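Chemist: One letter stands for each residue in the lines below.
There are 2 protein chains.
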Amino acid sequence: MKRTGKTVYFDSAPIIIATSAIAGKMEGQGPLKDYFDQIVNDPYYGSKTFEKAERKLCSNNCQNVLKKANLNPEEIDFLLAGDLLNQIVTANFCARELQIPFIGLYGACSTVIESLALGSMLIDGGFAERILSFGSSHYQTAERQYRMPVEYGSQYPPYKQWTVTGAGAFILSNQGTGPLITHATIGKVMDFGVIDPNDMGAAMAPAAVDTIIQHLNDLGRTPIDYDLIITGDLGEEGKTMARELLRETKFDLDVVLNDCGAMLYSQKQPTGSGGSGVAASAIVLASYLYQELSQKKLQRIMLVGTGALLSPISTLQGETIPGIAHAITIEKPI
Amino acid sequence: MKRTGKTVYFDSAPIIIATSAIAGKMEGQGPLKDYFDQIVNDPYYGSKTFEKAERKLCSNNCQNVLKKANLNPEEIDFLLAGDLLNQIVTANFCARELQIPFIGLYGACSTVIESLALGSMLIDGGFAERILSFGSSHYQTAERQYRMPVEYGSQYPPYKQWTVTGAGAFILSNQGTGPLITHATIGKVMDFGVIDPNDMGAAMAPAAVDTIIQHLNDLGRTPIDYDLIITGDLGEEGKTMARELLRETKFDLDVVLNDCGAMLYSQKQPTGSGGSGVAASAIVLASYLYQELSQKKLQRIMLVGTGALLSPISTLQGETIPGIAHAITIEKPI
Chain P
-13 MKRTGKTVYF DSAPIIIATS AIAGKMEGQG PLKDYFDQIV NDPYYGSKTF
37 EKAERKLCSN NCQNVLKKAN LNPEEIDFLL AGDLLNQIVT ANFCARELQI
87 PFIGLYGACS TVIESLALGS MLIDGGFAER ILSFGSSHYQ TAERQYRMPV
137 EYGSQYPPYK QWTVTGAGAF ILSNQGTGPL ITHATIGKVM DFGVIDPNDM
187 GAAMAPAAVD TIIQHLNDLG RTPIDYDLII TGDLGEEGKT MARELLRETK
237 FDLDVVLNDC GAMLYSQKQP TGSGGSGVAA SAIVLASYLY QELSQKKLQR
287 IMLVGTGALL SPISTLQGET IPGIAHAITI EKPI
Chain Z
-13 MKRTGKTVYF DSAPIIIATS AIAGKMEGQG PLKDYFDQIV NDPYYGSKTF
37 EKAERKLCSN NCQNVLKKAN LNPEEIDFLL AGDLLNQIVT ANFCARELQI
87 PFIGLYGACS TVIESLALGS MLIDGGFAER ILSFGSSHYQ TAERQYRMPV
137 EYGSQYPPYK QWTVTGAGAF ILSNQGTGPL ITHATIGKVM DFGVIDPNDM
187 GAAMAPAAVD TIIQHLNDLG RTPIDYDLII TGDLGEEGKT MARELLRETK
237 FDLDVVLNDC GAMLYSQKQP TGSGGSGVAA SAIVLASYLY QELSQKKLQR
287 IMLVGTGALL SPISTLQGET IPGIAHAITI EKPI
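In the order they appear, the protein sequences are chains P and Z. Be aware that the first sequence starts at -13, since it is given in our numbering, and climbs by one per residue. Be aware that the second sequence starts at -13, since it is given in our numbering, and climbs by one per residue.
Fair warning: there could be bad hints in the mix.
Pairs count within a copy or across copies, as identical chains cannot be separated in the list.
Here are the simulated DSSO-like cross-link-like pairs (lysine-lysine), alpha carbons at most 30 Å apart as the crow flies [as the list claims (entries may be wrong)]: (1) Lys318 <-> Lys38; (2) Lys53 <-> Lys(-8); (3) Lys318 <-> Lys(-12); (4) Lys(-8) <-> Lys54; (5) Lys53 <-> Lys(-12); (6) Lys254 <-> Lys53.
Calculated from the structure, these hints are not laboratory results. If you're wondering where the values come from, they're calculated on a predicted model, not measured in any experiment.
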């Protein structure tokens, strides 16, 4: 078995040979603006609906990552992808364009990390040579599906997060040069009883902490073995909560713990507790983190994709919001 | 590479050591009624909402398959599951109960076959010893999400299918006795321009045909190498369409082609063109097909999970309905 505890390891660590990140206007005004491949200021992206705009973001981003890797779609064995929209409709329509065998995933905002973990298993398992993993989210499409159309002008509580508009794409390969995915931990669904669909950081923090501890314990590592342990989209509130939960364990992660959603915006932006959405971890990994790893400024990071398994119907029916988190360790190129 | 063309093969074919199938009232009055583990006549299943009823079906079915395999949840490495409800909420809540690392999937009605294909790769790849794969659908929850609440009494066109109420669960293992999954083909998203959300058989038939031909060609086989080639939920209309499309190729499948959805109901039942939904292929495989394979009455079958990647929002926005199909070959126990 290529497992230690609940964590799988890769004998031949899959290589992230190319990435692409497209970001929206708010993200394009944030601290990471210089790292993105493209910034799209128009939320409609020249399309008739926000949903079509999200699809265009995602589709153009897939074309861009293929171009950067100098690959044709026929050279990719599988697509692994998903998004926040019902029936993962963005991913489905992008897969229709690409005509590559498609494995549809749903892990809320953890979807892209789920796809990278699974893609690494398929490559190291010998079933694929190259995989295209992608995901997207869009502020307006997510708000109107999960909460209220933004046109309603609902009040914005300070702990609420801002759904990231953007798309991230990754090509994993068994050959080539780039950062390596060495380990993955698939998380369990955890539920601490949060019922407010605006308060997703709190819903996801316990799952993130559980998966971080599992990953470290399985590998016999401590936080100092990592340059950075970074969660997907807990936001500032959720990050604080995760730190507090971790302080009750033997791990004190204060120095190395950060959050993609919290990094995406500056304090001056009207984005509440920070970014959330599939694109939060996807575009931060595809841009800033990938470049830092490639340039060996970061040696080893743990990226913990976090998902609030929120459903408007289940919330209306009185259910709480469970969370999930999947972790991957990524190392600088050899 | 463990691949031939687009089809993956398993050096150590994963074994389906146990299955469980719960069916609803309509399915419990159909030709396969004696094969199910349990029949639930009340669409509410004693719950307050149809969604909670679906969850209870799915949850009880997971408990039953674990009991039949004499396994505790801690002995399962991964859950692979999904369903038709937005945010795959049924699978999420079942995973919350089971506390097993969870990989959420969405492939519409092909989801369970997607999970068996992927689960086989994770086992044969050496990342898991045992996997629990499951899925569900429910007539009332699907109708109100995808079309109209049944209480509205909408007209029922003859080509419309009946969403199967039920849940199927499977335990895949690298050890034990049972039918074997030997090959899998992940399909591409195909779109032939169907726009009527009632006409899903037509939306899925081209994808099914594409995947069947891919699977046969990759393995150098013809239909006579199979006792049965069975699609997930094309229904009678879709099955006829698939046969016609196949007649234009070198493969004439008339003798061996059938459809799980079409098999579930008798002509006398008011179920239109036949069954559809995640549970269509799941409960037919978990009951009738599994028993026939286990008793070696069937030697080798190809099961082709079919999914209509229908989304109410995209349909309202004028999009067509793409389809997808994934195929697995299953053989009798050694």
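Chemist: For each hint, tell me whether it holds in the structure or not.
Modeler: Here is how each hint holds up against the structure:
no. : hint                : result
1   : Lys318 <-> Lys38    : neither (36 Å within a copy, 46 Å between copies)
2   : Lys53 <-> Lys(-8)   : between (36 Å within a copy, 23 Å between copies)
3   : Lys318 <-> Lys(-12) : both (22 Å within a copy, 28 Å between copies)
4   : Lys(-8) <-> Lys54   : between (34 Å within a copy, 24 Å between copies)
5   : Lys53 <-> Lys(-12)  : between (33 Å within a copy, 27 Å between copies)
6   : Lys254 <-> Lys53    : neither (35 Å within a copy, 56 Å between copies)
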